[in-house]
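K.L.:
Sequence:
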Amino acid sequence: MHHILKPITAAALCVSLFSAAAPAHAETHDRDVIVVYKNQNGKESAIDSGADVEQTYQHLPAVAVSADSQTVKDLKQDPDILYVEDNVPFQAAGGSDVHLLSAAPSSSYVLPQWDIEPTQVKQAWKEGLTGKKVKVAVIDSGIYPHDDLSIAGGYSAVSYTSSYKDDNGHGTHVAGIIAAKHDGYGIDGIAPDVRLYAVKALDRKGAGDLKSLLKAIDWSIANKMDIINMSLGTNADSKILHDAVDKAYKKGIVIVAAAGNDGNKKPVNYPGAYSSVTAVSASTETNGLAAFSTTGKQIEFAAPGTNITSTYLNQMYATADGTSQAAPHVTGMFALLKQKYPEETNTQLRQQMQQNVKDLGAPGRDSQFGYGLVQYYTNQKSFAERAVIKAEKTKKQADINQAKTSVSKLPKSKGKTALETRINKVQAARNVTDARDKVRTAEKQKKKNAVNAAQSAIRKLAAGSEKKGLQKRLDAVNSGLLKTAEASVKQAEKKTSETNAAKAKKAVSELQPGKEKTALEKRLDRIKDKINRKQARDKVKTAEKTKTKKAKSAAQTAVSRLKPSAEKTGLQKRVRAIRVKH
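Residue numbers (this note's numbering): 1 to 582.
Source of the hints: derived by calculation from the structure; they are not laboratory data. Hints may be right or wrong, so weigh each one.
Pairs of lysine to any residue residues, derived as SDA-like cross-links and limited to a Cα-Cα distance of at most 20 Å, are as follows [claimed, not checked]:
| id | residue 1 | residue 2 |
| --- | --- | --- |
| 1 | 239 | 82 |
| 2 | 404 | 385 |
| 3 | 133 | 183 |
| 4 | 239 | 267 |
These figures come from a predicted structure and were not determined experimentally.
Build the full structure now, drawing on both the sequences and the hints.
P.N.:
What follows is the structure in structure tokens.
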């Protein structure tokens, strides 16, 4: 039984990035800024501006500098500079109790972990899934050397030390949730065999700055991490931070971030709010939403985040609450799925995770739990059944496709056939909905693309009254388009002009291929020829009158557009006869 030494109030284990109001500086004081450039010239402008260069990046088009106000102004006006952002400070937010635990001398000392059971991660361990060979970067305050952790390497992005050793405690706590060893001592991490990297972006007080966070992300890209865990967040958007996580995502990295500890109905923090990042909310021991957890449409998954025990400084263990603790549970689960499906992309792994959940809150994805509480499902049939149930609930095409994929992996059986029947029924209903929507759009827009989309949707329907009715409505749209085109062509024939001809051509272009369209196109050709002949006559007359080189050139161009005829021959002779003034 563990012994609680003392509860201490410490910085919240979910780090909160926030924009601090810039202090009033004298005009001569330098500002720390991030300069984002468009090209190599922009990079050179920033470096050669006279500012102190504090950080350059390998995969981000940016330079962190310290410069006076005039230099910053000049950089903002440089056409080769995309934009300039202040180097936003961030620090650990207060409000969380960290309870330090003493380790008894017994070699069998094991701490209780309630969070293991709801995630069903033991099923993955039985299958031999432990995150082996998966590279995970914990961007945090570093990781303290601990007997329960195996650290593969790391990097310090802070300026005061080159060591990635944790001097705050937050990063070590996060790391243990992901990767604590299964050695019969202390705690068990979700994915104990990952290659764990400590990427230090926070100092001993849990404080840091944007340039350090960018460097940490840049390092993770350069060193080909599979997953990044960022148990930190900010209420203020940052374009360069957004660009940085998007760049990492495009490189195939799964990015997990804490949703934030601002409370229910408060917005999801950045970078979790960015679409390239998986935002995680915190659940309780009773599968409720933790009171401190922020919520929003960006929440993708929920995971245990209250009374979580993990590794800490000086070979200690500690318990704490926060979405900081929830996020590494999801990171660990991603590592297990990455080992199981090594060829899948980060996008595909996110889709896989959507199937490995227990739906909490409102059916389907919601603003509190996202897709649900992360759980590992070992049984493929159970996995497929859940996918089908989800598709039946949401009726979204993406969920239907995921269910089809899951069912297709099952061996032949009556159960598989039954699931195929159910998903085909959902697909049929989805097809009817799509066809109705697309026919309605075609009726409203009266455009060829909308008509084609509706026709394609109708073809997917089974024969019956529904299909006949929708086809009749679409035929009426085509009939209306034909009448409009015929009227436009008739008007252009009656009153020939470039404007009327253009309107008629546009109307005819919206028609489906067929003899009616071909006939109207021939009439359009005759109208265009009539316009061209009139223009040629007018241009030749103007050239004969002015006898300028420019007028003769315009006349020749107009005559050249005409189809072979006696009139074209006559006009060509008149053009040749024009004497150009010099």
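K.L.:
All the hints need checking, so say for each whether the structure fits it.
P.N.:
Comparing the hints with the structure gives:
no.	hint	in the structure
1	239 with 82	holds, 11 Å
2	404 with 385	holds, 11 Å
3	133 with 183	holds, 19 Å
4	239 with 267	holds, 18 Å
Consistency note: the structure conflicts with none of the earlier hints.
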